[in-house]
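In the order they appear, the protein sequences are chains P and U.
Per our numbering, the very first residue in the first sequence carries number 1; after that it's consecutive.
Per our numbering, the very first residue in the second sequence carries number 1001; after that it's consecutive.
One or more of the hints may lead you astray.
Beyond 12 Å from chain P on every Cβ pair, some chain U residues (computed) [claimed, not checked]:
1) 1021
2) 1050
3) 1094
4) 1148
5) 1208
Far from chain U, by Cβ distances over 10 Å, these chain P residues were calculated [what the hints assert, rightly or not]:
6) 73
7) 78
8) 232
9) 243
Computed Cβ-Cβ distance ranges for the label pairs, DEER-style [unchecked claim]:
10) P:42 - U:1015: 37 to 45 Å
11) U:1289 - P:39: 32 to 40 Å
12) P:125 - U:1075: 43 to 51 Å
13) U:1284 - P:186: 21 to 29 Å
14) P:39 - U:1187: 25 to 33 Å
Honestly, the hints are just simulated from the structure, not real lab data.
Note that the structure is predicted; figures quoted are calculated from it, not measured.
Glycine included, each C-beta is placed from N, C-alpha and C at the ideal position.
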Amino acid sequence: MTTISKIPVGASGRTASRTARGGSARPSRGTGGPLARLAGTVLVIGFVVPFLFALSTSLRSPEDVAEHPLALPFHPTLSNFSRAISAMQYPRSVLNTVVVTGGSCVLVVVLGAMAGYALGLTTLGWSRWAYRGFMLGMGVPLFVFVAPLYLLMRDLHLLGTTIGVILIYAAMNLPVAVFFYTSFVRTIPGELGEAAQLDGAGRLRTFFAIYLPLLGPVTATLLVFVTLMVWNDLMIPLIFLQDPDQRTLMVNAYSLLDERIVRPTDLFPAALLGMAPLFVLFVLFQRRMVEGMSGGGVKG
Amino acid sequence: MTAPRTQTRSRTLLPFTLPAVGLYALLMVYPLIKTIPLSLTDSEGGPTAENVGLANYRAMLDDATLLSALGNTLVFTVVVVLAQSAIGLALAAMLRRWGGYGKALAVVLLTPALLSSLMASYIWSSLYQQDGAINSVLNAIGLGSLRQVWLAEPSTALYAIAVVHVWMSAGLAASIFAAGFRTIPEDMLEAARLDGANRWQVFWKVEWPMLAPSLTVAITLSLLGCLRVLELPLVMAKGGPANATNTLGLQIYRTVFANGEVGYGTALSVLLLAVVTILVTAANALLRRREGRLL
Chain P
1 MTTISKIPVG ASGRTASRTA RGGSARPSRG TGGPLARLAG TVLVIGFVVP FLFALSTSLR
61 SPEDVAEHPL ALPFHPTLSN FSRAISAMQY PRSVLNTVVV TGGSCVLVVV LGAMAGYALG
121 LTTLGWSRWA YRGFMLGMGV PLFVFVAPLY LLMRDLHLLG TTIGVILIYA AMNLPVAVFF
181 YTSFVRTIPG ELGEAAQLDG AGRLRTFFAI YLPLLGPVTA TLLVFVTLMV WNDLMIPLIF
241 LQDPDQRTLM VNAYSLLDER IVRPTDLFPA ALLGMAPLFV LFVLFQRRMV EGMSGGGVKG
Chain U
1001 MTAPRTQTRS RTLLPFTLPA VGLYALLMVY PLIKTIPLSL TDSEGGPTAE NVGLANYRAM
1061 LDDATLLSAL GNTLVFTVVV VLAQSAIGLA LAAMLRRWGG YGKALAVVLL TPALLSSLMA
1121 SYIWSSLYQQ DGAINSVLNA IGLGSLRQVW LAEPSTALYA IAVVHVWMSA GLAASIFAAG
1181 FRTIPEDMLE AARLDGANRW QVFWKVEWPM LAPSLTVAIT LSLLGCLRVL ELPLVMAKGG
1241 PANATNTLGL QIYRTVFANG EVGYGTALSV LLLAVVTILV TAANALLRRR EGRLL
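I would like the entire structure built from these sequences, with the hints used as guidance.
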């Protein structure tokens, strides 16, 4: 058992799960039986039924849906999607969202990695306080400081600018980034950096040549976390961006909302289109995404 | 390595923290500190504001909408935290028996967490509406008498929204517990079984105590997510009907941005911070103490 579990089957998590399964698959009462499996599968599928239903309904005409809400798309049509695409100004919104998300990711990673590098290697001076200060900011909801932030952005003339929104996201995600990077840098043997320094490499070169490459995996996890948070956020762009041309996907999708008439054939395609780019990433980088979503759990 | 050398080494590191510290201090620490003085004024966002002392805080006591918002937030939080943890734990316990297949199902469970609150609201608003899927299903299976306009009925609206939150986050709770299950040494379970413990006994006597750290993480995160909830009730019910889904976060948003009462809204922010800090700290202290007892 122990030897098997040491064979690197890819991610360490996967290896561990094999070990755990090895034992618990055995218990006598047929809980691992095909019937239980079927029941479990049905249960899990129950979680994605809303998606499947949304997809199926999106492919039907509004009149058809009004008449038979639960029917399947016997005469599939893409007209709901094309309507949603133009109503949300989809290409433009996606581009705006990509710029905001990308900008935030770059800033969070660069600033977070630099700070984490320093805070992971030293406990001198005010570095301890800086670290504590970052940690206190983890999990503070936007609405605790939104009013002063709004006035500050106004005074800095950053209201209604993409760069302003990017800076807000970066600041709000720095605690998580600093936490990720500091913890990670602490696990890297200090001799590595010291050897480079003895060879005459400066601080910056040590950072770029030794540490930065090692930070790859933790950066990937962080990127997933930040991307999800920024992409899906409605409130910050809703409050801080006014110009329709700058609006992100979520804000433009939100503007479709009409409280009086809830039309599934309007809302379902909008929801699916809003999620689509993330879903593609999820499928492509499944393992990283899962790590980022659950590991990013430290977020708040 | 001599002490002075370490000192220099560290000092040359400090500049690396400056960009992060600067940005963080400007856009988070400063507004956070500014919250207190701003909450003591009658500011409406304009250049001038009178200092009104504690008037905003006194006004809270007479604000019936605020009290109901506080109540709604707490009910929502309790319901979601319990349901999310219980469902997450049950799912993790079930899926872990099936190895790779269980892992694949766990990934499927995470897909709702990809959705934004807005998009989830869109999907569920449609499902909940009068002639939507949920009522149609109830009708089809002969439970037509249970039909509701879920989001328009004050007694069901908050719970209907809680269901959406649980739906989105149960998969995350499941992966937190799944990680916890993986840390339990196999020989411990084996020993319990050899002693003749049945599955329930193994769970309650061995696994449940060993999962204490996972429970701490799951509950803390869930708590943080719930106390700030705002987008779901905003999009699905505009805080209504009859303020039944008005939460503290939503109340702040409306006070500041719809009514322009910056001073009062900021005082509400201070209240939100206090609620979050007290509940999260208390829950954490209790759960950590529990970990200490059990492990």
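Evaluated hints:
1. 1021: Residue 1021 of chain U not clear of chain P: closest Cβ-Cβ about 6 Å, inside 12 Å.
2. 1050: With a cut-off of 12 Å, residue 1050 of chain U remains clear of chain P, as the shortest Cβ separation is near 16 Å.
3. 1094: Not fine: 5 Å to the nearest Cβ puts residue 1094 of chain U too close to chain P.
4. 1148: holds (15 Å)
5. 1208: Nearest chain P Cβ is 15 Å from residue 1208 of chain U, so the label holds.
6. 73: holds (14 Å)
7. 78: Consistent with the label, residue 78 of chain P stays out of reach of chain U, its closest Cβ about 18 Å off (over 10 Å).
8. 232: Violated: least Cβ distance 3 Å, not greater than 10 Å.
9. 243: holds (17 Å)
10. P:42 - U:1015: 37 to 45 Å: 57 Å Cβ-Cβ, so the 37 to 45 Å window is violated.
11. U:1289 - P:39: 32 to 40 Å: holds (37 Å)
12. P:125 - U:1075: 43 to 51 Å: Roughly 47 Å apart at Cβ, these two residues keep to the hinted range, so it holds.
13. U:1284 - P:186: 21 to 29 Å: Roughly 22 Å apart at Cβ, these two residues keep to the hinted range, so it holds.
14. P:39 - U:1187: 25 to 33 Å: At 30 Å between Cβs, range holds.
In this structure, the hints that do not hold are numbers 1, 3, 8, 10, in rising order.
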